[in-house]
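S.K.: Using the sequences and the accompanying hints, generate a full structural model.
Each chain, written out:
Number of protein chains: 2
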Amino acid sequence: MTLSRLIVTSGANIRVILKWGCVLVPMSACIGTLCAIFLWLLDQVTACRIAHPGLLWLLPLAGVAVGLAYHGFGRCAEGGNNLIIDQIHEPGGGVPLRMAPLVLVSTVISHLFGASVGREGTAVQIGGSLASGFGRLFRLEPHEVRIVLTSGIAAGFGAVFGTPIAGAIFALEVLSIGQINYRPLLPAAFSSIFADWVCHSWGIHHTSYRVTFGGAPDWGGSVFHMNPILLAKVGVAAVCFGLASLLFAESVHRLTPVIRRTCPVAWLRPAIGGVLTIALVHCVGSRDYLGLGVVAATQDGASIVNFFHTGDYTWSWLYKLLFTVAVLATGYKGGEVTPLFFIGAGLGNTLSGLLGVPVDLLASVGFVAVFAGAANTPLACTFMGIELFGATNIVYIATGCFVAYLCSGHSGIYLSQRVRVAKH
Amino acid sequence: MTLSRLIVTSGANIRVILKWGCVLVPMSACIGTLCAIFLWLLDQVTACRIAHPGLLWLLPLAGVAVGLAYHGFGRCAEGGNNLIIDQIHEPGGGVPLRMAPLVLVSTVISHLFGASVGREGTAVQIGGSLASGFGRLFRLEPHEVRIVLTSGIAAGFGAVFGTPIAGAIFALEVLSIGQINYRPLLPAAFSSIFADWVCHSWGIHHTSYRVTFGGAPDWGGSVFHMNPILLAKVGVAAVCFGLASLLFAESVHRLTPVIRRTCPVAWLRPAIGGVLTIALVHCVGSRDYLGLGVVAATQDGASIVNFFHTGDYTWSWLYKLLFTVAVLATGYKGGEVTPLFFIGAGLGNTLSGLLGVPVDLLASVGFVAVFAGAANTPLACTFMGIELFGATNIVYIATGCFVAYLCSGHSGIYLSQRVRVAKH
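Residue numbers (the working numbering), protein chains in the order written: chain A, 1205 to 1628; chain B, 1205 to 1628.
Same chains, same names: a pair is fine if it fits in one copy or spans any two.
List of simulated lysine-lysine pairs, DSS-like, C-alpha gap at most 27 angstroms:
id, residue 1, residue 2
1, K1437, K1627
2, K1223, K1437
3, K1223, K1627
It should be emphasised that the hints constitute simulated quantities derived from the structure, not laboratory data. Please read all numbers here as calculations on a predicted model, not as lab measurements.
M.R.: Rendered as structure tokens:
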């Protein structure tokens, strides 16, 4: 390479970097800020819901209000995560800007009245919607729109969970099953890291999970990062995690058309989910499965944090699955990832006793593995496990995610995901 | 899914698992054992080389002996890593079994007499050659041969560096630029984890690197996993790491045809590399750049371990590059990865002073980033950084690997790698 060519190339590269900086810095700052507002609101409404248990009775009404809001103003924003994934595969009409405020307010309302929904759908939709807006503002070409939308997903995901590298890889992995494309790798990583930092700078702190397990000693007493007997047990548990992902995704996919046939008026459907939730609370006899479920209202209540200790949570994972399927199939907003963390950590807690595996290890593996199976994102979930629980148990975490991915079938929770390479 | 269909599917799945277990368990055990023997031999010959400095004078002769061995018995084994990658893309004649002993003995001889070569080429070739043998033994179909060869690469890489998850992802990533295919994910992870464990069980311990940096405090004094000023500095360093990868790969690719024209007799060429190495030792005035370079012969000598502390190592990275290019372009065996670790950690050490970044942080980022750029394997190198240095600095490690990958051009050290998605 001659010197003149080097200078020309460097000049062009600097222009490209500046252009992308102008798009991604303000975009990630906005997404990080909205995620911070969203997480702060979630904390407030969760505290309010716990303080006023009677709010649950209004859940069907709240659901109908959200349904009406989407009916009146939503237009194609109803498409949610799937619309964003579709727009990345085939850039077309874009993602409407109204999606961000609509999903934010709807999710906060769902949580206030106790719907068992998550956070990632909202964060991804805030990210995708703002990214599409910035794409239009800067008149980007279709191949650039793909990159900016992927970066928007990464920014939303990274900021809402406080796991920037998992956010970047999630955005790449979620588009297709069995294959990833590295083209948006750096913009996605930059957006995710920057949005996570902005969210942190607003004073938002993420829950930290305590995994004390540091490796099983072998025959000689020395500790290595892999013990074959323990790994075999984790592998067996991971098959269960994958089947739980399959059960979850299939339940949502099969219940949705049934609800549609039962109630042809879209905005009325959430009322069914609300009534089902109230019925489930009375059948199960616990309010632990309402809302996010990261921290419980009572000291020993079923919650993600408590699943890292021993306790009597045998069927918690299944109850959470029922609560979540009931509201997602009837149109509540928020997403499924935090409930999947709950189901995974809860199932890990239950299996740890049966298999003789340290409870914190199997709760942490389940936490990411059920999500890996349901979203078909094994590498992002491995990174997430590392970012949340440290690198010590990386072999078990990766095995959990890879095996669950392989056992969860091809449908997954995102219907717009394309099957590029069959799993088996 | 009906119960009968579930039973039939489960039966088929169990048969598939048993079949792959029969192939992968003995294969990974053999690869892990050969890697253990190889690492043990490397330790012995390195100690012997340091104890007998005069051996260096015999390096040209040793190189010719290796050249003659390949000339007499090598046949297509000369193709090395590229032959294995080609056989995965288009399964055909397979990889000869003789490749494993030939490359093992040749690499050990190269190290005994002081050639600046690595270990990964040898490990990957042991893995690929044994995997191909097992593929023939079990009469696998072409699509299964692809999976078993990829698993062989993963097993060799995972065992030789003690980084099983990086080994699995490396095997997937090294085949193509810009895209990975998840089909062999689980077999590769299983083989890598199992081979690493077998290698460990033979009593092999890997060098541990000490990174004490745990995050830079922000304005308020609190420590977060990302500090924007520090990240910007790491980004600048990562561009240099990427350019170092480019310089390394281009130097090997450009010097090789010059050597070929100068010396048409293939087995004689290593003599040139041997003489060049002796000349370089006298020009530079140091023997620190011979062999692996993980640990130095003297307390403050240039070595990967010492680059994690401050010291006067300004041009060490460039010297190592010259020593390595000289022997790789003239046909010595062993691979380029450990020298790339040396170049990266050394350049990180040098840049840490210029940029005001903690030396252990930038040495650890450089360690994996130069390799990420040269091999076009950003995710595997991020996992490697996590497995070697822990999860604390994951944002800096990932940024280093992703930026270096983007800045290193499309040629890389593996010529059989196919460009699936251009980097920019």
